Every structure is written in C-alpha cells, then in structure tokens.
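Participant: Chain by chain, the residues run as shown.
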Amino acid sequence: MAKSPSPVRKAWRSLAWLGAIIAVLVGLNLIGAITAGTNWTPKLALDLEGGTQIILEPIVEGGEDVSQEQIDQAVSIIRQRIDAAGVSESEINTQGGRNVVVSIPGQPDEETLQRIEASAKLEFRPVLLAGVPSTDSIGEEGDAATPTPTPAAEPTPAPSPTNASDLAQITPELQSAYDSFDCSTIDPSAAAPADEPLITCDPDGTVKYLLGPVEVSGEDVANATSGVVTNSNGTSSGVWAVNLDFNDRGAEAFGEVTTRLTGLTSPQDQFGIVLDKRVISAPVAQAVITDGNAQITGSFTQETAKSLADQLKYGALPISFQVQSSDVISATLGSEQLRSGLIAGIIGLLLVVAYSLVQYRALGLVTVASLLVAALLTYLIVTLLSWREGYRLSLAGIAGLIVAIGITADSFIVYFERIRDELRDGRGLNGAVEAGWKRAWRTVLASDAVNFAAAIILFVAAVGNVRGFALTLGLTTIVDIIVVALFTHPLLQLLGRLRFFNDGHKLSGLDPRALGAVYRGRAQFRAPVEVRGRAAASRGEAARRQTIAERKAAGTLTLEGPENPPVDGPEQTESGRAGAVPADTQRTSKGRRS
Amino acid sequence: MASFSQFGNDLYTGAKSIDFIGRRKIWFLVSAIALLLALAVPFLRGGYTFGIEFTGGSEFRISGVETTDQSLATDAVTSVVPEIAPRVSAVGTDAIRVQTDQLADEESSEVRQALADAYSVPLEEVTESFIGPSWGADITGQALRGLLIFLVAVGVFMAFYFRTWKMAVAAMVALLHDLILTAGVYGIVGFEVTPAAVIGFLTILGYSLYDTVVVFDKIRENTLGGEASAGRSFAQAVNLAVNQTLVRSINTSIVAILPVAAILFIGAFLLGAGTLRDIALALFIGILVGTYSTIFVAAPLYSLMREREPEIQKQSKRALELQTKGAV
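Residue numbers (this note's numbering), protein chains in the order written: chain A, 20 to 613; chain B, -17 to 310.
The following block holds chain A by itself, in its conformation from the complex (with noise of 0.2 angstroms):
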C-alpha cells in the first residue's frame, strides 16, 4: 500500500496546481479580449454562424477552358492557403465547373482575403535590369544585392537572344517601356507570356525590374520552408532562411540557372521570384544548386521567412482566380437546429448526473463536480484556440464535445470501480483510494494516450474538418488527465477524511458492507456456514504467497458453488491472518460433506 508522507497535502497542492492552470487560462483570455477584442466565448463555424462567401472565376492565359483537373488542383491548393491561417471549418467546393466557391466562417480578415485572391502563378525568372523607380532609398527584401540604379552596361549585344539572361532581348522599345514603367500600373489578372520578357515591380514598388523569360515554373517547387540557419558545428546561427526544393524538372532547370547566372555580374547574377507579377523576392546565385534544394537567406525575420516559404509553397497555382463576388452569407444550420441540439444535450447531461447519483450516490457528485471542472477548461480552452489558431466550433464540434463527455467520465469510473476493488478487498477507504488511484492513473493514461495519438496524426495528415475534429479530440483527452489527476483524485484524497465517507455510509457510494468487503468479516467471524458457495477474491500477490495445502483449500471451497468456475482461493489481505483463513474455509468443507 502506497502511504505517502501526506496524502492531504499532495491533495492540496494538486488543487493549487489546477487552480494556477485555470487562472492562467483566465488570464490568457483576458489577454485577447482586452489586446485583440476578442469576446469570451468561442468563434462559431460556418453553420452555426455564417460567413463570407467569396465566388472566384479562374483567368487562364489565352483564354483557353479551364481543365477539371486544374479546377480540383486549385481548390486544394486553395483550401491549404486556408489551412495554413489555421483551423477555420471552411468550406471549398466549385460551382457549375469553373468557378471556385469559398466560404469562411465569419468576417475573414485582411491577410487570410490576400491570400485567396493572390492566386496567381509563381515563376523564376532571371533579372535582366534592376533599377529604382524613383530616387528614394530602396527596400529590398531577401539576398538581393543592392540593384544598380542605372541600366547595366551593354555587352555585346547577340543579334538573337541565346540564353534567357541575354540582354540581347532588350529591344529600344522595350528600354524605354522599362524606362518610363509606372508600379501602380501593374494589372496582376492579365497574365504575362511566358516565353517574353517582363516589366515589373517589388509589392512595395520601391524596385523595378526588367525580367527575363520563365525559366522555372512555380508547378516545380515541390515544398518550402521556413527556418534558422545552423552553420557548420550544428549551432544556430540566428539567422532566418527559406529553403526551397524542387521535384526533379524543376531541379534540373535550376540548376541550369544558377549555372548561368553565378558567372554574371550584378543585377544580371539575381533571379526574381515573380508572384502575381510582382517580384517577391530577387536573390543573387552565389552558387550552382543542381540537387534541387535552395536556400535564400537576407535579412529575414520569422513572419517574414515564413511568409516567402507559403507563398512559395502554395503559389504554385497554375492558372489565377479573380473573385467575382463576395457575399455575407447566413448559417447554413437554422438556429432552431442548435437550440434544440443543445437542449438534447442539456437533457443528456441531466441523465448523466442522474445515472451517476443513482450507482454511485455521493461519489456521483464527485463525477458531476469533475465533469463541472472538465466542462470550464474546455471552454476556457477553446475559446483560446479561437483566439490564437482561428478554431471555430462547428455543431459536429459541439456533438463531439458531448460525446467526450461518456470519456471523460470513464476516467472516473474506472478509478471509482478501482477503489471499489481495494474496498472489497479490505483496504481501509485512504488505503483503498491511494491503492485504486495507483492502479487507475495507469489505465487512463494508457487509454488516454491511445486518443492523444489518434488526434495527433489526424491533426498533421488531414485538412479542412477533419482537423478540426482532431483539435477537439485531442483537447477533451488532455482536459481528461488533467481533471482526473488534478481535481477528482485530490477530492477523494480529501473526502475520504470525512466521517461520511470513511465510515462508509450508506449513501456515500463507497460502503465496505455494500461492496463485500463483508466477506472478509464472515471468513474469520461469522458462522461458517455463511461462507458457502462463495469464493472470495484474491489478488496475485496473496494467491502467490498461499501454501500448496491452501491452494487445495481452496480449490475445495470453490467447486462447491454449482456454477462457479473454479477460481483461486479466499482472500487475504494481509498475510498474517493467512493461517486463520484456510482453517475456517477447510472447516466448512468437512462440515458440509458430513
């Protein structure tokens, strides 16, 4: 038996632990209600609370008809552009075959809009000229060298272009285009030809660029991502990156480029990352990568190296979208159909309570006061998510954080059934809920562990509701620890001080007399005869210390019950009562033969 120095005062700091987690949730979520105006209560999804729908119709170059195929890569990618601003319950389908229909859950902001719309083609081409549109300073961004103010020299000039950084291609025309080109008047909707040279822009239309035919297409950028740079020894060097791989074609034509461009000099040697017509980034080839696994450094931060890396990753669109509505819609799900949702769940719990009250008398206000606590925390927590990682309580949400309920009130059960267990087994009820507790911590743990997996890989392998589910899941099972370990087992810690509870009154769900721990009582004070045909219980421990005589005792005793299957021998709890045992059992079996 685990008798800890002072079970009262681990049950104390327990409690003071939980409430240090619950007043840290407070205060997290009255930090976003006061920093970021959020309200205390969780942002609802599309069909409970409508939102936003926006109807984008695809642009491809040259008008031609858009493919099925291309149409279903673009809502994937579209739905990832979502994902990636967190869990939002969107909706994204097609309408009529052309167009992409998308619906956000309530008033989408600025950046998460950008990022829809911006659908537009990323490609690499090679600078051929780079100049300020004006003579204010410049602010480039990434590794981009300081760009020349004023056109490169011309070097022999080819009578055709014979490579993509040919600055043959330059015709007067397009010298003055360049010379006289406006930022604000860049149209990101038409789409530029491919196979031609390009006039543009950085987003800031502070540089201005002269660039070269595509060379890499943005279909070839396999992934992007974000991170810090570690030199040599392993160590980070603090500095943010965006590593960039390519599938095979990609790599191939990559390292073609930068083959070209390292033997260039500036801003000939910088390629433009071209987004929507606009360079997102310019920078120089310091080295030849022909294994397809780039890195741009510059003068990076965190946001901003991870907002080069999604644009990369997910602006591989093929083909651009316009939008051509964006309409405020209602929840698809009558409020009625809420209301009575939560008035069936309302009526679940009152069942809950009652069932639990009924078998377990007042150890059921222990579950009912548990599932109080579990029922703050995942509010409280909840309404965190929505704050920090745009979570959004759909109905099927709120169905299952009903259902979590019949989990998390398991943990109880199974610890409250262990106690039990110890009680019919002799143990004194602080014995018995240390004992229990050992035993039960291990199964909710396990069983715990077993949901925590699940909502992981879910959360990390889907996308759209799934994930949203999956948050859920994993939320309930992490509520159901820390209500178990932090609240109901220091409650019955402390509880089983009371009188009512220690002297194990009728109603307090935890009588010995109920429970049969009454058997131990009749094997060694009762009338022998009450014995029969009842085979008490034993755990390993004292099976194993029995003698092989009183295994036959036993074993006796055991098969005089008609329907018994044989089990092992009367109980001891403690091993020096052992011998008085098997003495009454073997009395009672003579004295039924004769």
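For the record, the hints were derived by calculation from the structure and aren't laboratory data. Computed from a predicted structure; not experimentally measured. Hints should not be assumed to be uniformly reliable.
[What the hints assert, rightly or not] Some, not all, of what chain B presents toward chain A, calculated at C-beta under 10 angstroms:
no., residue
1, V70
2, A135
3, V136
4, I181
5, N233
6, P241
[Claimed, not checked] Incomplete in silico selection of chain B near chain A, CB under 7 angstroms:
no., residue
7, Y(-6)
8, G46
9, G74
10, S111
11, G114
12, S116
13, L126
14, I131
15, F132
16, V134
17, V195
18, R230
19, L240
20, A244
21, I245
Every residue gets a Cβ at the ideal spot worked out from N, C-alpha and C, and that includes glycine.
On the provided structure of chain A, position chain B as indicated by the hints.
Facilitator: Frame of chain A; chain B shown alone:
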C-alpha cells in the same frame, strides 16, 4: 441499486461469472453473422447515399427577395422533394442560397417555380447551377492516409505497452469489427453519409480503442506473472478480468450513450434530418458496438491467440489439474 453493486461485487470475486471466453464460438458466430449483414444489406438496399458535400448537387439562388426567412425555402423544396434536406442560407441582404442533392431536370424546374412562388419573385430571379463537392477526393485521401498512420502507430504503441503484439492485433480486429458494423447499421437505416457522419465514425474509432485498452489493462494485470499458475488457467484469468471490469463497461457505456441518445431521439427525430442526427446515429451505434466488441470479440480472441503458446498451455494445464484434484 444495491442489487447492482451486489452484482458488481459478485463479478469481482468470481462468485458470479459470465463465461465470455469459454463460449467464444457463440460470440464469434454472432459477430460473423452481424458483419455479413452489415456488409451485404446496405448494398442490397442500393448502396450508400452520399451527401451533397461528397457528390456535389444543385444550387439555387433567389435574388431580390424581400425577406430572408429561410424556412420559406426549406418548405418550398420539401413540397417538391419531401425526402431532401436543403441547406439554406441568406446571401447578403436580398438573396437566398439553397443547396440540395442533385435533382432530376423536372424536379429542379419544379423547385425553381416553388422557390419563386415562395418569395414572390419572377422565375428568372431564381438561378440554378451545379456545385461540386466540398469534401473532395483530396480530403478523403488525406483522411485515409492519416487513419493508416494512426492505426500503425497505435498498434505499435499497444504492442509495446502490453508487451505483446497479440493484444494489439485483437484490439485492431475489434476496431475493424466496430467500424464495419457501425457503417453497416448506418447504411441499413439509410441516412445520407455526410461529413458529420464521417467525423462520427472517427470518434468511434477512438472510443472503440479506448474501451479495449481499459479492459485489456485489467487482463494484463490479471495474467501477469504467476497469476495463471496460482489456480487459474489463462482463459479463466482473462475471463475474470472481463467480469471484473464488466460493471465499469456497463457504467461507462451508459454514461457515454445517454447524451448521444438524447441528441438522437429528442433533438433529431423531432426535427428531422440534419448534422445532429447523422453524427448522433453514428455515435449511438458505435458506442454500443464498441462496448460489445471489447467483451465479446477482443478479449476472447486475445485469449484464443495466447492459449496456444506452449508455456501458457503448460501453466493452464497445471492449473486445471490442480482444480480437479482439489475437487476430488
């Protein structure tokens, strides 16, 4: 309910014992028949009907409406096609969007007329277009991939935690059993498969495994070390564990199913189709089947797999001999 705690008490001591392990042939037969029915009947009924989220459907847009009362649209659609549950929402301040399953041509022109009448707008203000699925093949693919990774990971976890892969296999078989039965009953009832129902299935996946782990943990405890040699054969030790956790199993499933049943019967059947009904039905069946399979499938199957092991066979034989000797 003193009798119930007496019942639990007797189960714990072994005074009362239900022979879950010994009669496994019966349970396996029951499950096999149920599985066959679950696989066959939905297809005899004509296969599963998938919701608009999976198949796409028709969208009607009514412009220039005076009122955005959504129930008018619901009534108009159901007056033409009664079995359908349209998704209605207001778009902006003067338009209504109605999404339904794919309708036949004449049905859809009737619906258009009914919608125009309901909102007293000219027929040309009601436009119709086909909408694609919002739960496309890519989401399904991702979800399935996640599921596979999950099953492998959990299988490995259980094999390590319980120190035997046989428990992991038994739990996985029970899980498969639950998913097939839940999907089968869902198909037999004939509800539309919606994303909510799929999420219900995923929840069942978690619940089924959870329930199995709880009972297996007790089995592990009972069959640890010398227990089997201390008078019980392996099968008897497993059976005792199942019996000892029976009260827990009953209590847990009742507590889990009460809120779900409340949603299913009070909330949904009074209100007709909707997200709630779909998810509640999937959960309702799943919790029942999940509890059943732990006791009647997973535990007997595990016992069956382990009993064959020579070491355990020897121990069990010794235990049984001891019991018979004692009896004579």
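Participant: Now look at each hint and say whether the structure bears it out.
Facilitator: Structure-based check of each hint:
The interface hint given for V70 (chain B) is met, as the beta carbon of that residue sits about 7 angstroms from the closest beta carbon of chain A, less than 10 angstroms. Annotation: interface hint on A135 (chain B) holds; nearest CB of chain A at approximately 6 angstroms, less than 10 angstroms. Interface hint at V136 (chain B): satisfied, since its Cβ lies 6 angstroms from the closest Cβ of chain A, which is below the 10 angstroms cut-off. Checking I181 (chain B) against chain A by beta carbon gives a least distance of about 5 angstroms; that is within 10 angstroms, so the hint holds.
The interface hint given for N233 (chain B) is met, as the beta carbon of that residue sits about 5 angstroms from the closest beta carbon of chain A, less than 10 angstroms. Hint status for P241 (chain B) relative to chain A: holds, with the closest Cβ pair at about 3 angstroms, below 10 angstroms. Hint on Y(-6) (chain B) holds. Least Cβ distance to chain A is approximately 6 angstroms, under the 7 angstroms limit. For G46 (chain B), the suggested interface contact is broken, since its CB lies about 14 angstroms from the closest CB of chain A, more than 7 angstroms.
The closest approach between the C-beta of G74 (chain B) and any C-beta of chain A is roughly 5 angstroms, which is under the 7 angstroms cut-off, so the hint is satisfied. The criterion of a C-beta within 7 angstroms of any C-beta in chain A is met by S111 (chain B), whose closest approach is roughly 5 angstroms, and the hint holds. With a cut of 7 angstroms, the hint placing G114 (chain B) at the interface with chain A holds, because the nearest CB-to-CB distance is about 3 angstroms. Evaluation of the S116 (chain B) hint against chain A yields a held restraint, the C-beta minimum of about 4 angstroms falling below 7 angstroms.
The criterion of a C-beta within 7 angstroms of any C-beta in chain A is not met by L126 (chain B), whose closest approach is roughly 9 angstroms, and the hint is violated. The closest approach between the C-beta of I131 (chain B) and any C-beta of chain A is roughly 5 angstroms, which is under the 7 angstroms cut-off, so the hint is satisfied. The restraint placing F132 (chain B) at the interface with chain A holds, with a minimum CB-CB distance near 4 angstroms, inside the 7 angstroms limit. Given hint, V134 (chain B) at the interface with chain A, is violated; its Cβ is 9 angstroms from that chain's nearest Cβ, farther than 7 angstroms.
A hinted interface residue such as V195 (chain B) counts as satisfied when its beta carbon comes closer than 7 angstroms to some beta carbon of chain A; here the least separation is about 4 angstroms, so the hint holds. At a threshold of 7 angstroms, the smallest CB-CB gap from R230 (chain B) to chain A is about 5 angstroms, leaving the interface hint in force. This hint holds: L240 (chain B) has a C-beta 4 angstroms from the nearest C-beta of chain A, less than the 7 angstroms allowed. Annotation: interface hint on A244 (chain B) holds; nearest CB of chain A at approximately 3 angstroms, less than 7 angstroms.
About 4 angstroms separates the beta-carbon of I245 (chain B) from the nearest beta-carbon of chain A, less than 7 angstroms, and the hint is met.
Of the numbered hints stated above, those contradicted by the structure are hints 8, 13 and 16, listed in ascending order.
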